[in-house]
Amino acid sequence: MGLLADAFGEGSILLKGSVDNRSAAIELAGELLVASGRATKGYVASMLDAVEKFGPYIVIAPGIALAHGKPSEDVIETGLSLLVLENAIEFQHSQNDPVQLVFGLAATDHESHIELMSELAQFLSDQDSVNSLLTCSDSEQIRLLLG
Amino acid sequence: MKIIAVCGMGIGTSVLLKINAEKVLKMIGVDATVEAADMATARGAAFDAQIVLTTPELVESLKGLNAEIISIDHFFDLEELNIKLSKALL
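Those sequence lines, one after another, are chains A and C. Residue numbers for the first sequence follow our numbering, beginning at 1 and rising by one. Residue numbers for the second sequence follow our numbering, beginning at 1 and rising by one.
Bound conformation, chain A alone (with noise of 0.2 Å):
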């Protein structure tokens, strides 16, 4: 498995997930990376706060938030999850709403991560990898396809 998919612990990919709000949808990307083990649930706090205090940057392009606090001892190992929402939840951002596929980030610094995140971005880049990960059913064909 590549650098890209073992950072999405057993557990951590979420299809068809129902949520109302933002808040709802930011907290449950949270929860897969506890249920993941790779964060206690005072990250899931920090990943709220840091809406509550930035506002919506976190959606970084149509359909697609990134939700991450920062590095902190609630953060066991950095890791990903993915919750892939049944209906599309309204950020509030300017340009990119409604989001559909939030990802959940935690990292244990600043800068062990980089190399990760560039093969997500590396894979958000196409759009058929998007559109692929919206159209999955099951999170082993997600798995598989994040290489």
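Just so you know, the hints here were simulated from the structure itself, not pulled from any lab data. All the given hints hold, so there is nothing to weed out.
Just so you have them, the derived chain A footprint on chain C, three or more residues with Cβ under 8 Å:
| hint | stretch |
| --- | --- |
| 1 | 6–16 |
| 2 | 35–44 |
| 3 | 55–61 |
| 4 | 65–79 |
Glycine included, each C-beta is placed from N, C-alpha and C at the ideal position.
Add chain C to chain A, keeping to what the hints say.
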């Protein structure tokens, strides 16, 4: 030439911006370093970049810095980065 990619926390959004900005700088042949930073670092006294890359949501908070602020909507669209960076640099 120093460019800073800024987001709230300095680990996610800004790192993605840095990665793609470096690709574009190579394409257009500009020699510059790109650093990822959080809001606190960007606003701090040590700040010495000529260009700040960030997202539309954070532009207001960064106003007043002695650097050109470029706002990027779609982080994976190298064309958008290319157009905006070329305009500022070439």
